[in-house]
Amino acid sequence: SQTIHQWPATLVQPVGSPLSLECTVEGTSNPNLYWYRQAAGRGLQLLFYSVGIGQISSEVPQNLSASRPQDRQFILSSKKLLLSDSGFYLCAWNVPTGQDSSAFFGQGTRLTVV
Amino acid sequence: DQQVKQNSPSLSVQEGRISILNCDYTNSMFDYFLWYKKYPAEGPTFLISISSIKDKNEDGRFTVFLNKSAKHLSLHIVPSQPGDSAVYFCAASVNAGKSTFGDGTTLTVKP
Chain A
519 SQTIHQWPAT
529 LVQPVGSPLS
539 LECTVEGTSN
549 PNLYWYRQAA
559 GRGLQLLFYS
569 VGIGQISSEV
579 PQNLSASRPQ
589 DRQFILSSKK
599 LLLSDSGFYL
609 CAWNVPTGQD
619 SSAFFGQGTR
629 LTVV
Chain B
-5 DQQVKQNSPS
5 LSVQEGRISI
15 LNCDYTNSMF
25 DYFLWYKKYP
35 AEGPTFLISI
45 SSIKDKNEDG
55 RFTVFLNKSA
65 KHLSLHIVPS
75 QPGDSAVYFC
85 AASVNAGKST
95 FGDGTTLTVK
105 P
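Each protein sequence line maps, in turn, to chains A and B. Per the working numbering, the very first residue in the first sequence carries number 519; after that it's consecutive. Per the working numbering, the very first residue in the second sequence carries number -5; after that it's consecutive.
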């Protein structure tokens, strides 16, 4: 069966420090991978998505970057965190078949920038 | 411009009654619509979906209705149970691509 792992679950980082969040998927090949952010009281904002190794699409300009060094690994990074980067970060994957684009999400990372 | 909108931030219903969650969209290219359920501090889980070629899809207590002319969809939960209390997100996609999410509706089912 397929599983998605995302870590850490919570993170408190000072402003200006770097960030690295990792996500791995097991049990599937060549998934589409996504990073979303949920701000307090808001919906899920798509940050990055990837359809293959080294292929990253950015949805919104921001202080973050993403990389996909392996087929089932997706990393969210920042060189210098801002207060506005605080939020709940979610990794997700799907394998679109036909029209079905339903995604499977990780447990999320609560990032607090102080 | 928000392409998927859930205009009701919250909804409260009595156990056993019907819950109706609404969602509107603006992009006529959307051809697949999904509902996710999310508990606090967890990732969303897929609940039910509907293709644009249909106007209704049912799965147990959950039914999704799609009105393409009005660019509106709704999720019906009958009967509602306290365990259904969660945030419900509506999402839409084009040709099985990335999904665009609404802001969510918090459903509270009172015993």
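Bear in mind the hints are in silico, worked out from the structure with no lab data behind them. It cannot be assumed that every hint is accurate.
[Said to hold, decoys possible] Going by beta-carbon spacing under 8 Å, a handful of chain B positions derived as facing chain A:
| hint | residue |
| --- | --- |
| 1 | TYR33 |
| 2 | PRO38 |
| 3 | ASP78 |
| 4 | ALA90 |
| 5 | ASP97 |
Where a beta carbon is used, it is the ideal one built from N, C-alpha and C, also for glycine.
The hints, checked one at a time:
no.	hint	result
1	TYR33	violated (11 Å)
2	PRO38	holds (5 Å)
3	ASP78	violated (19 Å)
4	ALA90	holds (3 Å)
5	ASP97	holds (4 Å)
Hint check: violations occur at hints 1 and 3; the rest are consistent with the structure.
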